[in-house]
Amino acid sequence: MTKQNQNHEVNIIDFFNYLINIVKKIGTKIINIFEKIFKTILWFIILLKKYFLFILIVVIISGVLGYLNKGIIPIYYNYDMIVEPNFNSSKTLYQLIDSYNKLAANKESKLKGLKNISIQPIKSLTEELNIFYTTIKNNDNIVKNDSIFSKNFELINKFRQYLVDTDYLKHSIHITSTNKLSSEEIKNEILSPFENDPFFSRFKEAYLNSIDTKSKIYKNELKIIDTLLLSIAKGDKSKISASSLSINKDSKTNVEQDLLNKALKITQLLADTEVEKVQKSQVITLISEPQLVDNNSLITNRSTYSFILYGFLFSIFIILLIQFVKYLNKFEKKHS
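Position one of the sequence shown corresponds to residue 55 (the numbering used here), numbered consecutively onward.
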């Protein structure tokens, strides 16, 4: 065997020895890691055994709380509804909501478990433009009337700046309660006071009577138009001259067309009055029924077993906290 071959064999042996040493080091580290994990688990089990009585007491108390949790950790039920106040009742509605919040704060509300009621207008550019043009229509003399137009502004954007919450037509009401409420309960507390109020009842009655009067006038005018069209068809124009309607009598064709146009316009007005009657049939028009939107709690899963688990985890946290404090005390003594 030559010297070169001997050196080659030595290099191979050294290489294998190097690999063996690496494997041993890795194996030793893995064993040390598992040993530390095992010791930690063993230490934790010993710790649980040491504080077993404390853990048991906390778990039992948590289980009892879980069984009786309904009254201790309440669920909050959230309801939403949309309303449209009529007959200038917006301010009164806001005042009523404010009074309910005061009663809820003193736990005197008729709605059991009521925590809070909030109300806010539903704002949009379309809504604000609608208010703008309605206000113009209802205020012929904008200088003399005590209205938002007495500000003498020129642009709609300036008009929008003067709007307050009660100026808007539709409003959203949000209710939070610790008790589950029915739709009827909510409506009875929020809407019924307005329907039973003598002032608003008279206002509503007078308004609906005026709508009925307009409907009768429109229906009567439609009957007159039907009669006139029938007379024209029969060639009798005497009733046309006696009619109180303002129509074009120059020719038969023009008269018929004028009557048909008037009939179409009156029919549209009659339809509008019927819609208005429905919208104004309540002091507070209910746009959207009270609906449960969500419910939440400090603890989402409220079963007894969940509370037992929470109690166990809480006791472990307390035990680890105690051990950490002990370690800090030892560290302080050692370095003081």
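Since the hints were made in silico from the structure, they are not lab data. Hints may be right or wrong, so weigh each one.
Straight line, CA to CA, 25 Å or less: simulated DSS-like cross-link-like pairs of lysine-lysine [stated by the list, open to error]:
1. LYS277 <-> LYS241
2. LYS334 <-> LYS224
3. LYS145 <-> LYS169
4. LYS145 <-> LYS388
5. LYS224 <-> LYS277
6. LYS270 <-> LYS258
7. LYS90 <-> LYS79
8. LYS241 <-> LYS334
9. LYS161 <-> LYS177
10. LYS164 <-> LYS145
11. LYS177 <-> LYS145
12. LYS79 <-> LYS103
13. LYS166 <-> LYS241
14. LYS177 <-> LYS277
15. LYS277 <-> LYS288
16. LYS103 <-> LYS93
17. LYS161 <-> LYS241
18. LYS268 <-> LYS319
19. LYS241 <-> LYS268
20. LYS103 <-> LYS83
21. LYS177 <-> LYS104
22. LYS212 <-> LYS277
23. LYS224 <-> LYS258
24. LYS331 <-> LYS319
25. LYS384 <-> LYS103
26. LYS104 <-> LYS384
27. LYS258 <-> LYS273
28. LYS166 <-> LYS156
29. LYS331 <-> LYS224
30. LYS177 <-> LYS166
31. LYS103 <-> LYS319
32. LYS331 <-> LYS145
33. LYS331 <-> LYS241
A quick look at each hint next to the structure:
no.: 1; hint: LYS277 <-> LYS241; verdict: violated, 42 Å
no.: 2; hint: LYS334 <-> LYS224; verdict: holds, 14 Å
no.: 3; hint: LYS145 <-> LYS169; verdict: holds, 22 Å
no.: 4; hint: LYS145 <-> LYS388; verdict: violated, 71 Å
no.: 5; hint: LYS224 <-> LYS277; verdict: violated, 37 Å
no.: 6; hint: LYS270 <-> LYS258; verdict: holds, 18 Å
no.: 7; hint: LYS90 <-> LYS79; verdict: holds, 16 Å
no.: 8; hint: LYS241 <-> LYS334; verdict: holds, 17 Å
no.: 9; hint: LYS161 <-> LYS177; verdict: violated, 32 Å
no.: 10; hint: LYS164 <-> LYS145; verdict: holds, 22 Å
no.: 11; hint: LYS177 <-> LYS145; verdict: holds, 17 Å
no.: 12; hint: LYS79 <-> LYS103; verdict: violated, 36 Å
no.: 13; hint: LYS166 <-> LYS241; verdict: holds, 14 Å
no.: 14; hint: LYS177 <-> LYS277; verdict: violated, 43 Å
no.: 15; hint: LYS277 <-> LYS288; verdict: holds, 17 Å
no.: 16; hint: LYS103 <-> LYS93; verdict: holds, 15 Å
no.: 17; hint: LYS161 <-> LYS241; verdict: holds, 20 Å
no.: 18; hint: LYS268 <-> LYS319; verdict: holds, 14 Å
no.: 19; hint: LYS241 <-> LYS268; verdict: violated, 31 Å
no.: 20; hint: LYS103 <-> LYS83; verdict: violated, 30 Å
no.: 21; hint: LYS177 <-> LYS104; verdict: violated, 63 Å
no.: 22; hint: LYS212 <-> LYS277; verdict: violated, 47 Å
no.: 23; hint: LYS224 <-> LYS258; verdict: holds, 18 Å
no.: 24; hint: LYS331 <-> LYS319; verdict: holds, 18 Å
no.: 25; hint: LYS384 <-> LYS103; verdict: holds, 23 Å
no.: 26; hint: LYS104 <-> LYS384; verdict: holds, 20 Å
no.: 27; hint: LYS258 <-> LYS273; verdict: holds, 22 Å
no.: 28; hint: LYS166 <-> LYS156; verdict: holds, 14 Å
no.: 29; hint: LYS331 <-> LYS224; verdict: holds, 17 Å
no.: 30; hint: LYS177 <-> LYS166; verdict: violated, 31 Å
no.: 31; hint: LYS103 <-> LYS319; verdict: violated, 90 Å
no.: 32; hint: LYS331 <-> LYS145; verdict: holds, 22 Å
no.: 33; hint: LYS331 <-> LYS241; verdict: holds, 21 Å
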